[in-house]
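**Q** One-letter residues, chain by chain:
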Amino acid sequence: MSIVTAERPQAQRPQRQKLSVVDCDIHPGFSTPEEIHPFLPERWREHVKTFGGHYRQAFADTLSHPRMAPEVSRADAWPPKGPPGSDLEFMRAQHLDANGVAYGMLMPLNRGPGNQRNLGYGAALATAVNDWQIAKWVTPEPRLRASIVVTQEDPEAAIAEIEKRAGDERFAQIMLPPRSLEPLGRKRYWPIYEAAVAAKRPLALHVGGINGYPASAGGYPSYYIEEQHTNVQGMQALVTSLVLEGVFERFPQLRVVLVEGGIAWMPALKWRLDKHYKRLKAEVPHLKRLPSEYIHDHIWLTTQPLDEPDKDSDLAETFELVGCDRIMFSTDYPHWDFDDPRFVLSKLTLSPEKQQAILAGNAKALYGLK
Amino acid sequence: MPNSIFGHPAIDCDVHIAVPNTAALMPYLDAYWYDAFRSRGIERTSFTLTGDPPNTPLAARPDWRPKSGKPGSDLELLRSQALDGFGSSIAIANCLFGGMALHSEDLAAVMCKAVNDWVADTWLDKEPRLRASILVPQQSPELAVEEIERRAHDKRFVQITLLAMGNELLGRRSLWPIYEAAVRHNLPIGIHAGGLYHHPTLNGWGSYFLEDYVANAFAFENQVVSLVCEGAFAKFPELKVVLIESGVTWLPAGMWRLNKTWRGVRPEIPWVKQVPSELVRQHIRLTLQPFDEPEGSGRLERFVEQMQSDQLILFSTDFPHWHFDGKDALPLSPSSPLAPKILYQNALDTYPRLTEAKATAAFAPKEISP
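Going down the list, the protein sequences come from chains A and B.
The opening residue of the first sequence carries number 1 in this note's numbering; numbering runs sequentially from there.
The opening residue of the second sequence carries number 1 in this note's numbering; numbering runs sequentially from there.
What the hints contain is simulated information worked out from the structure, not anything from laboratory work.
Heads up, a few of these hints could be off.
[What the hints assert, rightly or not] Straight line, CA to CA, 25 Å or less: simulated BS3-like cross-link-like pairs of lysine-lysine:
(1) B:LYS260 - A:LYS278
(2) B:LYS235 - B:LYS260
(3) B:LYS327 - A:LYS311
(4) A:LYS281 - B:LYS327
(5) A:LYS311 - B:LYS260
[What the hints assert, rightly or not] Covered stretches of chain B (in silico footprint by chain A; criterion: 3 or more residues with CB under 8 Å from a CB of chain A, positions within the stretch not fixed):
(6) 19-32
(7) 163-169
(8) 249-262
Every residue gets a Cβ at the ideal spot worked out from N, C-alpha and C, and that includes glycine.
Given these sequences and hints, build the entire structure.
**A** Following this line, the structure appears as structure tokens:
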């Protein structure tokens, strides 16, 4: 390479090999729908073949709002065989190696164990998905970390699953859907949080869930674009519930990661919560501090889908308001709204130290990664 | 218009007045409903909205609470505290009455009609600085349009009220006859906080009033997204929508996200040909209070910069609700060039009837002879 080339101003495509990121949102997929069957006990294998899943919505095998791309995925993320995210070799080449992923946190959404109306099937499916993550992904690829998938509507089963996996360091966190039957701050879910604290694992709450409630206070939206946007309100409602119910008073060690909610909504939510808490604190005397203080101490956010103001300086201001020590990078690979670490970073006018914390440092500290 | 305490004229775009009890509506019922209200005990039912309990600290500032009766039920207090207190030349009253949220569209329509007539007689006839909003049964676009047509001749009614947490998302096509009537009569749509026809958030029912109140901001954002994505603004280029008591500071981040998602999936809604934030700038306005920010943090200026428009915010006190103390209704220096825009110019641009009404108020005919 000539000196002239080396001294050119920053190239349009930043060097891939310089990146070393922790990607906090990677979606692993089944190669075929039957891939999970060997991980299920006979009783539930027969069940799923005969009845399939059973959800609180109209459709048995798809989400309520058809997406704008097959499998919600990037057009270039299809491996030679099987759907996006289902082929480890392909994922390595296209994402882990290419984008300098030092660690990747698996977020299996497959079949949504927490969404199952049949709690027995949900619990069996959660166990199966957890075994499958280890067998198919984490054992052959040590950069990946699994999530303990649990069924929040059956806390007993969830706790058993957490205790079963607690000794396995390859499970980095506990995963349940934010759209649960009741807001997650409600007491029915507290035994799960107690188990999470005992297992020293954060809770990872990835947008989604099928709880039977329309996606807004005004009912069902018509379009995917609207339904996708309700993820923002869902995350805010979740934070509001966890804080106001006093979950963090009761569990001072509990740490929560919000995945795929973006971050830019957080400052205004903190302001709103603090302002109206001051007026109405008589209703929530179990709180000892401002809502924003609980939020900063207990809640981490992942970046994707990164909000895009017209001015990049607005984004940098937002990062500072959220707290750069609480933001962790994520891509959502292989989904269509993937945030490419090479380009997302170019929008950030933060100090190199803060950028590094967001890209990797915060996640390494939270998850205890080297 | 004379100057307010802020050194410019002021138009207060959200003050609350209250029907003291359902019995007060009896003179405005026809014979059938008069009998029904009496025989069914409806006249003795308060229809207090779950989102609007009258005794909370939020419902009335201590110095703005009447000695007896509901907050907002005393004309003299409204005069001395809201109008004279801030020196506002005009105040737009919102009289939310729970009857509008009934499942029976017939009964809701009767309630809305009675409240509108009661407001004209009890408030507008007595205080020439007051304007009002037309309550409509949003469960039935047909009956809503009927009520708009019945009331539109009275130019002291300057907008149509719909609820943020209503029966359906407000962009839905079935509601478009309401918008057609609104445009025909130069009436903006005022979406007011509250309703709770359904669960307050997509996570279901939380525990606290505070939680519901905070969630109103989420509901407003869903409504903005619905109006944009369904194409209401493409269909009605003259439609203006005012978000009343919505909180304000959540909007820029909401737009960053919606703009981004729209760029990704716009083929789903091909009738939306402009970036959503541009449509919002053209069609959406917000009343000022409650303004959610850490006190003195200058977020109002930042809001204007981030939304790239100084036309969006309309001064309001939200009297008698408790969002600020003393005269601190304007989170901005009165010498700022933004102050006159926010205090009155934006309101005059938004509500065409504010200038028309002066000429016709004295001639507003009265249809009702109880």
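**Q** Check each numbered hint from earlier against the structure, then list the numbers of those it violates in ascending order.
**A** 1, 3 and 6
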